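Chemist: One letter stands for each residue in the lines below.
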Amino acid sequence: KNQVEQSPQSLIILEGKNCTLQCNYTVSPFSNLRWYKQDTGRGPVSLTIMTFSENTKSNGRYTATLDADTKQSSLHITASQLSDSASYICVVSDNSGGYQKVTFGIGTKLQVIP
Amino acid sequence: EAQVTQNPRYLITVTGKKLTVTCSQNMNHEYMSWYRQDPGLGLRQIYYSMNVEVTDKGDVPEGYKVSRKEKRNFPLILESPSPNQTSLYFCASSFVERLREQYFGPGTRLTVT
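Keeping their order, the protein sequence lines are chains P and F. For any residue, its number in this note's numbering is found by taking its place in the first sequence, counting from 1, and adding 9. For any residue, its number in this note's numbering is found by taking its place in the second sequence, counting from 1, and adding 32.
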C-alpha cells in the first residue's frame, strides 16, 4: 500500500529561524512529489514539484530536496516569517497505468512565533 | 481570476437530510476531485472525474455520490448524511497531464448532528 509519512507532526520555531520538514514515502512506481502549504481553514496551495531526476528545487525561501533512492524528501524554510505558520503537506503521485494516483501525507503543522 | 469555488462554505445539518455541495472551476480543467480532511488522517479522496460523464471512486466513496454533466461543475451529494461524515471537504481540479498541479477550493465544513 502506498504511504507518505511526515515528520515532525508539529513544530514551533522563532521568527527568523530556519527549519526542515521531512517526508518519507513508499509510493511506487514514483512519478512526482509535491509540497503543499495549507493555511488554517483554506485549501492547500502547491509550493514545489519534483520529479525523479530532480534533487533540489527552490521557491523563494522554500527549498525542497528529493532522494529517490532512499524515498525521502525535505522542505527547508529559510528565515521564517509569521506568515509561514501553516500545515505543510507532502503529496506523492504514482505512475500506475495512464493515470496518476496521489497519496497525501498527514502534514506538519508549523507555528512561527515572534 | 482562476479559481475553484465551493458552496456552501459551512453547513450544519441533521442525519438523513439529503444535501449537495457544489464545486465549480473556471480553468477548463478536465480532472476534478473531492477530498475529505479529518484530524490525524490527512486528505482522503472520495471521488474523482477525468472528464465529463467519467467518474470513479476514490479511497472513501461510501455514502457519497457525484455527477459530472458539465466540465466546470462537480457536485458532491450526500443522500443520507450521517455523523461520521462530519468533516472538512475540499474540491480540487487540474489538467490531465503528467505533472498536473491540483488547485483546491476553499473548503466546506460540514457538521451532521
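It should be emphasised that the hints constitute simulated quantities derived from the structure, not laboratory data. Quantities reported herein were computed from a predicted structural model and do not represent experimental measurements. For glycine and all other residues, C-beta sits at the position ideal for the given N, C-alpha and C. Just so you know, not all the hints are guaranteed correct.
[What the hints assert, rightly or not] Derived DSSO-like pairs (lysine-lysine); straight-line CA-CA distance at most 30 Å: (1) K26/P <-> K66/P; (2) K89/F <-> K49/F; (3) K66/P <-> K10/P; (4) K10/P <-> K80/P; (5) K80/P <-> K26/P; (6) K50/F <-> K103/F; (7) K101/F <-> K49/F; (8) K26/P <-> K110/P; (9) K97/F <-> K110/P; (10) K50/F <-> K118/P; (11) K118/P <-> K10/P; (12) K110/P <-> K103/F; (13) K89/F <-> K10/P; (14) K49/F <-> K10/P; (15) K101/F <-> K26/P; (16) K89/F <-> K80/P; (17) K89/F <-> K103/F.
[To be verified] Derived, one-sided and incomplete: chain F residues facing chain P with beta-carbon distance under 8 Å: (18) L73; (19) G74; (20) L75; (21) F127.
[Stated by the list, open to error] Computed Cβ-Cβ distance ranges for the label pairs, DEER-style: (22) S99/F <-> V54/P: 40 to 50 Å; (23) E133/F <-> P123/P: 26 to 36 Å; (24) T54/F <-> A88/P: 19 to 29 Å; (25) D91/F <-> I21/P: 47 to 57 Å; (26) Q31/P <-> Y42/F: 42 to 52 Å; (27) G72/F <-> N27/P: 19 to 29 Å; (28) T87/P <-> G72/F: 41 to 51 Å; (29) Q31/P <-> P138/F: 24 to 34 Å; (30) T45/F <-> A88/P: 36 to 46 Å.
Chemist: Checking one constraint from the list: CA of K26/P to CA of K110/P, max 30 Å. Satisfied?
Modeler: 35 Å, violated
Chemist: Would you mind confirming whether the straight-line C-alpha gap from K110/P to K103/F stays at or under 30 Å?
Modeler: 20 Å, holds
Chemist: Lying within 26 to 36 Å: is that true of the beta-carbon distance E133/F to P123/P?
Modeler: Holds, since E133/F and P123/P (Cβ atoms, about 32 Å apart) stay within the stated range.
Chemist: Checking one constraint from the list: CA of K50/F to CA of K118/P, max 30 Å. Satisfied?
Modeler: Roughly 34 Å between the alpha carbons, so the hint for K50/F and K118/P is violated.
Chemist: For the pair supplied as a hint, K50/F and K103/F, is the alpha-carbon distance within the 30 Å limit?
Modeler: 24 Å, holds
Chemist: Any CB of chain P closer than 8 Å to the CB of L75/F?
Modeler: Since chain P brings a Cβ to about 4 Å from L75/F, closer than 8 Å, the hint holds.
Chemist: Is the hinted range of 24 to 34 Å satisfied by the C-beta distance from Q31/P to P138/F?
Modeler: Since Q31/P and P138/F have Cβ atoms about 28 Å apart, the given range 24 to 34 Å holds.
Chemist: Could you tell me whether the CB distance from S99/F to V54/P stays inside 40 to 50 Å?
Modeler: For S99/F and V54/P the Cβ distance comes to about 27 Å; the hint is violated.
Chemist: Measure nothing beyond the straight line between the CA atoms of K49/F and K10/P; if it is 30 Å or shorter, mark the hint as holding.
Modeler: 35 Å, violated
Chemist: Under the criterion that the straight-line Cα-Cα distance not exceed 30 Å, is the pair K97/F, K110/P satisfied?
Modeler: 20 Å, holds
Chemist: For the hint on F127/F, just tell me whether its beta-carbon gets within less than 8 Å of chain P.
Modeler: Hint on F127/F: violated, closest Cβ of chain P at ~12 Å, above 8 Å.
Chemist: That 47 to 57 Å hint for D91/F and I21/P (C-beta), does it hold up?
Modeler: Given range 47 to 57 Å: violated, Cβ gap about 31 Å.
The structure fails to meet hints 8, 10, 14, 15, 21, 22, 24, 25, 26, 28 from the earlier list, while all remaining hints are met.
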